[in-house]
Amino acid sequence: MDLWVGVFVALGVAALLGLAMKVGNLTSSQIGPTYSVTASFENVGSLKPRAPVKSAGVVVGRVDSIVFDSKKYEALVTINIDKRYAFPKDTFANIYTAGLLGEQYVGLEAGGEDDALKNGDKISQTQDAIVLEKMISQFLFSKASEPKSDGKEADAANKPADAKSTGVKKTELGDAPF
Amino acid sequence: MIKSKLLNSLTRTLGGIGYRMTERIWRLGAGARLFFLTIFYSGESFKRFHLTLREIYFTGVMSLLIIVVSAFFVGMVLALQGYNTLQKYGSSEAIGVLVALSLVRELGPVVTALLFAGRAGTAITAEIGLMKTTEQLSAMEMMAVNPIARVIAPRFWAGVISMPILATLFSMVGILGGYIVAVPLIGVDDGAFWSQMQANVDFRLDIVNGLIKSLVFGVACTMIALFEGFDAPPTAEGVSRATTRTVVISSLTVLALDFVLTSFMLVI
Amino acid sequence: MNPNIVEIDNLSFGYKGRLLHKGINMVFPRGKVVAIMGGSGSGKTTLLRLIGGQIKPSKGEVRVDGAVVHQQDRDGIYKLRRKMGMLFQHGALFTDLSVFDNVAFPMRELTDLPESMIRDLVLMKLNAVGLRGAYSFMPTELSGGMARRVALARAVALDPNIIMYDEPFAGLDPISMAVICDLIRSLNDALGATSIIVSHDVKETFLIADYVYFVANGEVAAEGTPHDLMQSTLPFVHQFVHGEKDGPVPFHYPASNYQAELLGHKSAK
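Residue numbers (my numbering), protein chains in the order written: chain A, 74 to 251; chain B, 728 to 995; chain C, 94 to 362.
Calculated directly from the structure, the hints in this document are not laboratory data.
C-beta: ideal position from N, C-alpha, C; glycine also.
Errors might be hidden in some of the hints.
When the alpha-carbon atoms are kept at most 20 Å apart in a straight line, the in silico EDC-like pairs for lysine to aspartate or glutamate are as follows [to be verified]: (1) C:LYS109 to B:GLU750; (2) A:LYS95 to B:GLU750; (3) A:LYS191 to A:ASP137; (4) A:LYS207 to A:ASP163.
Some chain B residues well away from chain C (every beta-carbon gap over 12 Å; in silico) [to be verified]: (5) PHE763; (6) ARG781; (7) LEU807; (8) LEU828; (9) THR861; (10) MET870; (11) ASN873; (12) LEU942; (13) THR980.
Computed Cβ-Cβ distance ranges for the label pairs, DEER-style [claimed, not checked]: (14) C:ASP266 to B:GLU964: 26 to 36 Å; (15) C:ARG201 to B:PRO960: 42 to 52 Å; (16) B:LEU755 to C:GLY159: 50 to 60 Å.
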């Protein structure tokens, strides 16, 4: 009888381990020691704490907190980045959407400076989340003002704004290339 | 004449409602009292843990089969239904997420608790009710042995320990069942199935919260079963009614608690 | 030392205003077999529960070895109960334990005796009731008489000073009855204990009891040695002892007028 209870408890522990390793993100979310940097955005869209921070598609950290800065009327996002990965000071932070309707994440694009970001630094170059409603109204508006153009804007809207080419902080969606 | 009859039946109905309400509240109080006494006398039963081990065998190990088999089917059905809907939106790879999240967050703890109430809860109520009917509890008390420490507490802890283990097994087996339908049968990509799942199931927010739920359900279901047995009138009819009540009250309590717990957990 | 191990003093007890006992006085001297007799529902078993401290009296008191039972706290009551052994009406054996474990139960729960000593003691107790050979049986495999003998072995497992028997003869065949009857007397004398028997079986009880109390209508209706009571001319005792159908205890439960109820049930309401 005790043997069976032992087997029972062992099965339970094994199932929990299985859930944690195979099903859950315990293995992937364990990102060891981290350093934190901040970045301010005019609009974070639906970004949430614990959202992934990716660079070149690889998860390098997680969003720690999102607070509202009442002086600048901006959102201040704190992100934790794995200590193994160093990023230059002029790294660019974007908020992307995974797929058309998927969850939002922070994308980091490395700049060219030699100095690396340190704990408590602030990323100065950011780009806001794309808000679908704004984008659609923008699109319709431009459509209405330029009745001749057809289709090209729609193609452009499918791609996220190419921030690298413009290189400056975008504040208005109007600056997006469409 | 008619008026007085109406008035009469009205007072009787109101009186009946009032009586039932007070009885419910009385039972709630008596149940809470038993709960605190159980906690209070648990020390004695921990000293002799083999008693609890024995009850884990009867409540946990004996429930294993029904849990594993139903989990397997629930997982398979989830995968089938989920695939049917998801493929319309072209995201059939998300089936792993769907199966895993529904099992880990909701179905694992809730269905396990409902099955537990039916399988182990009724057994506990009937056993304790019969022990009372055949004066075994009285005899124990006359031997200066506290029935709460000797009979109630070990069963309580056995239920509390068994439930999370059973719920975890349920989730795991259910996911395996979903995997078998989704990957070999339907042909969803094996890698996408697991990787999407891993990307979207959070250990703390989903798995640990599911465990907390099942722990709470374990306390509720076991306590209800124990109280109904302890409180059953010492007749055959009384025990059979108590057994029925265990299933009904446990099920309702689990579903209501599930709503409360979920709303707490999602707010965070 | 007080010659009476149990004393019941002006005891009243009732449920919801209806008094079951109205001022009962009884004494149970050490070393004797004392019987409490009375019809069904006269509150005999309740008296045993009052002695055991499972319920509290409405008025009056029960003293066991000088201590007032209902004034004890939980520990005090448990301490008193360790001096008592009780045989329940249907044995109340633990159905999930074997015969051996049933008898060993009080020793394991209440003492720190090593397992080897418990084994010897259990076999001794089982031998005393003649069931040493049945130690491995489960209670469901026993006949009614055997179950009661096992329960008796369990009741005396810790050599109590007081042994209480709740209807020890009910529902037994004549042979088992004779065996139990003999056991009660011999165990009482061997242990030097006091036995309290609650019963309505006149023949067997009178055979072993030293003193008998008759309870009726919540009061002690008669008391005395079995010999005295057999000769008693009290109508109730006479009716009970000789098993007559009608007498002071009426055949009919109190009811409204028979004729009126049959003929005019509408107007009766």
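Hint by hint, where does the structure go against what was stated? Just the numbers, ascending. 2, 4, 6, 9, 10, 11, 15, 16
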